[in-house]
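> Sequence:
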Amino acid sequence: MDANELRQQKILLQITNAIITQRTREGLFREITTALHPIFTFDHISILLNRPGEDSWNFFSPAIGVEVPGFPKEIFPMKGAKIPYQAMKERKTIIADLTHELNNPESKFLLEAGLQWFICAPLIMRDKVIGSVQLCYKERPQFLLNHIDFLEKVAQQLSLVIDNTLAYEKLQSIRDTLAEEKQYLKRELDLMEGSNEIVYASQAISRLMDIMVNVATTDTTILITGETGTGKDLIARTIHKLSSRSKNTFIKLNCAALVPTLIESELFGHEKGSFTGASARKIGRFELAHNSTLFLDEISELPLNTQAKLLQVLQEGKFERVGGAETIKTNVRIIAATNKDLSRLVKENKFREDLYYRLNIFPINVPPLRERTEDIPLLGAHFMDKFCAKLNRIRPHFLQDAVDLLINYPWPGNVRELENFIERIIILKSNKTVTADDLRPLLNKDKEHEIEISSLQEMEKRHITNVLQRTKGVIAGPKGAAQILNIKRSTLMYRIKKLKINPLEYK
Numbered sequence: 319m320d321a322n323e324l325r326q327q328k329i330l331l332q333i334t335n336a337i338i339t340q341r342t343r344e345g346l347f348r349e350i351t352t353a354l355h356p357i358f359t360f361d362h363i364s365i366l367l368n369r370p371g372e373d374s375w376n377f378f379s380p381a382i383g384v385e386v387p388g389f390p391k392e393i394f395p396m397k398g399a400k401i402p403y404q405a406m407k408e409r410k411t412i413i414a415d416l417t418h419e420l421n422n423p424e425s426k427f428l429l430e431a432g433l434q435w436f437i438c439a440p441l442i443m444r445d446k447v448i449g450s451v452q453l454c455y456k457e458r459p460q461f462l463l464n465h466i467d468f469l470e471k472v473a474q475q476l477s478l479v480i481d482n483t484l485a486y487e488k489l490q491s492i493r494d495t496l497a498e499e500k501q502y503l504k505r506e507l508d509l510m511e512g513s514n515e516i517v518y519a520s521q522a523i524s525r526l527m528d529i530m531v532n533v534a535t536t537d538t539t540i541l542i543t544g545e546t547g548t549g550k551d552l553i554a555r556t557i558h559k560l561s562s563r564s565k566n567t568f569i570k571l572n573c574a575a576l577v578p579t580l581i582e583s584e585l586f587g588h589e590k591g592s593f594t595g596a597s598a599r600k601i602g603r604f605e606l607a608h609n610s611t612l613f614l615d616e617i618s619e620l621p622l623n624t625q626a627k628l629l630q631v632l633q634e635g636k637f638e639r640v641g642g643a644e645t646i647k648t649n650v651r652i653i654a655a656t657n658k659d660l661s662r663l664v665k666e667n668k669f670r671e672d673l674y675y676r677l678n679i680f681p682i683n684v685p686p687l688r689e690r691t692e693d694i695p696l697l698g699a700h701f702m703d704k705f706c707a708k709l710n711r712i713r714p715h716f717l718q719d720a721v722d723l724l725i726n727y728p729w730p731g732n733v734r735e736l737e738n739f740i741e742r743i744i745i746l747k748s749n750k751t752v753t754a755d756d757l758r759p760l761l762n763k764d765k766e767h768e769i770e771i772s773s774l775q776e777m778e779k780r781h782i783t784n785v786l787q788r789t790k791g792v793i794a795g796p797k798g799a800a801q802i803l804n805i806k807r808s809t810l811m812y813r814i815k816k817l818k819i820n821p822l823e824y825k
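Converting from the sequence shown to the numbering used here requires adding 318 to each position, the first position being numbered 1.
Simulated from the structure, these hints should not be mistaken for laboratory data.
Among these hints, one or two may not hold up.
DSS-like, lysine-lysine: derived pairs with alpha carbons at most 25 Å apart [unchecked claim]:
id	residue 1	residue 2
1	LYS658	LYS627
2	LYS446	LYS456
3	LYS790	LYS779
4	LYS797	LYS779
Cβ pair distances, simulated, as ranges [to be verified]:
id	residue 1	residue 2	range
5	ASP528	LYS590	44 to 52 Å
6	GLY388	PHE680	28 to 36 Å
7	HIS608	LEU696	34 to 42 Å
8	LEU489	GLY591	16 to 24 Å
As the structure is a prediction and not an experimental result, all values here were calculated from the model.
Just so it is clear, CB atoms sit at the ideal spot from N, CA and C, and this is done for glycine as well.
All chains, please: the whole structure from these sequences, using the hints.
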């Protein structure tokens, strides 16, 4: 073996070793470039990878060498790169003088950057073309024909290295997805207490159940409407349980609980370094909900720019992570919910009309508790059983006048308000007889059947200010308001700003 062959063997070994020492595409590509440059002395190098099912490629890593203004940085359409397309189609190395290739779109950019000569070798793995490697030169390289055979050997080695890298990334993505799903499930289990069955006796909910059974067997998009606290979340979960997707995890995102700048990251995920604070890749809810159901609660709070991206995913069934170039296909059933009139928001230009019609394919309205009063005794009994078990208390005895009072109370907060009220009763009246007179002060009524109904926003503002008073204006930390409210500091700051609360007033 002569000196040149030894040198070539050393380069091939360097390429193989690069995958052991480098875990990022950028690091691996730098190692490959460093190994190849002494022999090929190129002015510009890039690697293109096929995007399965699409007429485009993406760069394995940003190109290295002479800057090419106007050249695509991430995704490269096939119609814009005829020489790589020819090399991959014919499965052979192509050498081109770009001054003779002016009809090719990529030639214009390269020539303007001073690059005239173009060498492209296909990357083939298991008899399948996965991409190509491109070397560009300002002047005709002297070695041109002498090293073509070696370039093809390099391409074979690169195919193996890149295939292994893609396999590693796929495994990493699966691991990240499983880890994210595990964390998501833990959060959900922490939030979910008691039975998730729908408790009812009313004809209104009986009719609703029939509708749910019928629509659950389809993949139709559903829009659930109804007042706050009516149980829209439970309706969505029940539809999922009745569907063919029930073996997979039900995924939920509350659009109102996040700072607008973070919603896209939560929905679609993000790549490491895509923005300040993105220290690692994050798997979004659409990836977690693949082959399952994604419940978008309070959909009316979705920012308009995110609404456009959501519509695109619903129409095309694919998306990219924030800061990423890889197109991810998804098979997700969407169930959205809102307590607002979306048609009115459309007229006010606060919600996209096209998204509204895309979501409103099958609307379901959940009636308020005051319109199904026959459910109140059953719900009350259900919540008493739940909280007696949870709090280790003995069930109180309700006299008929107390039951009648509960039935006739308007329950502006619906089932959620009833649940919270029963919990208070269990704490205060364990193993006691409960009368209507016991309940009236707790219901905060001046006259029977009359109540001051606060808006959800007013209730939220009052709740946050009460917590701030308790923490003396402290937001972060183990004893801060965010910890007590069990939400992120950034989310609390967003709600404080939106509700025009001044934390300094409570210090």
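> It remains to establish, for every hint, whether it holds in the given structure.
To see whether the hints hold, each was checked on the structure:
Between LYS658 and LYS627, the direct Cα distance comes to roughly 21 Å. Compliance with the 25 Å bound is thereby established for this hinted pair. For the suggested pair LYS446 and LYS456, the alpha carbons sit about 32 Å apart, so the restraint of at most 25 Å is broken. With a C-alpha separation of about 16 Å, the suggested pair LYS790 and LYS779 falls inside the 25 Å cut-off, and the hint holds. This hinted pair checks out: LYS797 and LYS779 have alpha carbons roughly 20 Å apart, not beyond 25 Å.
Restraint check, ASP528 to LYS590: a C-beta distance of roughly 48 Å satisfies the suggested window 44 to 52 Å. At roughly 46 Å, the beta carbons of GLY388 and PHE680 sit outside the given window of 28 to 36 Å. Between HIS608 and LEU696 the Cβ separation comes to about 37 Å, which falls inside the hinted range of 34 to 42 Å. Taking the beta carbon of each, LEU489 and GLY591 are about 21 Å apart, inside 16 to 24 Å as hinted.
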